[in-house]
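Chain by chain, the residues:
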Amino acid sequence: MTLTSCSREKDVTELLALGAWPRACPPELRAHLDTCHSCRELVLVTAAFKRSRAQTAAAARLASPGALWWRAQFRCRQAAVERVGKPILGAQIFALTLYFLAAVTVVVTQAKHGIHWLGLFEKMPQFSSVSLQSLWPANLFISGVSPSILIPIVGTLILLSGALVYLVAERQ
Amino acid sequence: MTWESILPNVFTGDASRAAAPPMDSDAFAGFYERSARSLWAYLVRVSGDPALADDLMQESYVRLLCASLPDHGEVAARRYLFRIATNLLRDNWRRPRPASLEEIPEEFFAAPASGESDAQAILGPALALMRPRDRQLLWLAYAEGYSHREIAEVTGLAGAGIRLLLFRARRKIAVLLRARNPKGEKDL
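Chains as they are written, first to last, in our numbering: chain L, 1 to 172; chain A, 1 to 188.
The hints are simulated quantities; they were obtained by calculation from the structure and are not laboratory data.
The reader is advised that the hints may include incorrect statements.
Claimed, not checked - When the alpha-carbon atoms are kept at most 25 Å apart in a straight line, the in silico SDA-like pairs for lysine to any residue are as follows:
no., chain 1, residue 1, chain 2, residue 2
1, L, Lys10, A, Arg79
2, L, Lys112, L, Ile151
3, L, Lys112, L, Leu101
4, L, Lys50, A, Glu33
Said to hold, decoys possible - Pulled a few chain A residues facing chain L out of the computed Cβ check, cut under 10 Å:
no., residue
5, Met23
6, Asp24
7, Ser25
8, Trp40
9, Gln58
10, Leu65
11, Leu69
12, Tyr80
13, Gln120
14, Trp139
15, Glu144
16, Gly145
17, Arg163
18, Arg170
19, Arg178
Glycine is no exception: its CB is placed at the ideal position from the N, C-alpha and C atoms.
Next comes chain L alone, as it looks inside the complex (with noise of 0.2 Å):
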């Protein structure tokens, strides 16, 4: 197939463009009509769709612009609260990975070394009055690092990495 134009087309073009075919059209563009297949075509399509376009849309049953709006409005808030809601749970998720991790942690360091955990539940019914620290004695965590200091420390650790990774999602 060759694309062949007809050089008199954009004259065509224009003229139907602005609404002004045929009143407007010069006889001798008329007479190359006549003999110009492409241009001929031209017009036929473009008169067509024009018409066309023209009684399909006053024909239009439309929407209320306002009900429109407001439906946008509430789109673009549920996306806002989404885009924010993204990062806390990227955090959420991360703290509670770090959490597990360092639990999982101390039980592995805890048995390397040795624990005595079935000891330590046979001596619970010796004691007279349970105490918070001897729920915590001092062979339980890591030797040399008090359970009161530790804890402490993982927690906020765990804590700022959170706070970390949502800074971060957010501002990706």
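Given chain L's structure and the hints, the job is docking chain A onto it.
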């Protein structure tokens, strides 16, 4: 501490300001008044389904309002609107069609409305015989008067290919129009 106190923007209404649509409601009403009819005509003639055209038109405006567009004026906004509508039409065509006759809405089998205009009675059946992409190209070029570059922007097709595609589509629909209305060409 609650999430509301941490994220005041979201829950106190500041989010709506942060994600505010690019037009206010009055500007939108004016833009809608000027563009809705031509968009509906495009959707209904390309899809051939007035109910679908209603849905897609509303969705197009909502998406336009939610998009954070730079303010390049009404012409650019209108072009973007047609682009959204074109993408929605394409998504609709990609969706699986009803498999059995019972699932097809009754309107599809209804006879053309008696009030259908002459222009539509001639163009409608001819358009129905064209491929959806050709219908889009023809409507944008000859009903909306878009240039090849603008059509490429709206449809996402390569600019260089538009000319050839339009040339073929125009030739095909001209044959169909002549066949349906042989005296039409003499009236030019």
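Against the structure, the hints come out as follows:
1. Lys10(L) with Arg79(A): Holds, because 22 Å separates the two Cα atoms, which is no more than 25 Å.
2. Lys112(L) with Ile151(L): 20 Å, holds
3. Lys112(L) with Leu101(L): Holds, at roughly 16 Å.
4. Lys50(L) with Glu33(A): 19 Å, holds
5. Met23: 9 Å, holds
6. Asp24: 9 Å, holds
7. Ser25: 5 Å, holds
8. Trp40: 4 Å, holds
9. Gln58: Given a least distance of 6 Å, the restraint on Gln58(A) holds.
10. Leu65: Since chain L brings a Cβ to about 3 Å from Leu65(A), closer than 10 Å, the hint holds.
11. Leu69: 13 Å, violated
12. Tyr80: 14 Å, violated
13. Gln120: The hint holds - Gln120(A) has a Cβ within 10 Å of chain L, the shortest such distance being about 6 Å.
14. Trp139: Since the shortest Cβ distance to chain L is 7 Å, the answer is holds.
15. Glu144: Holds, because the Cβ-Cβ distance from Glu144(A) to chain L comes to roughly 8 Å (cut-off 10 Å).
16. Gly145: 5 Å, holds
17. Arg163: 7 Å, holds
18. Arg170: Since the shortest Cβ distance to chain L is 5 Å, the answer is holds.
19. Arg178: 7 Å, holds
The structure is inconsistent with the numbered hints 11, 12, although it conforms to all the rest.
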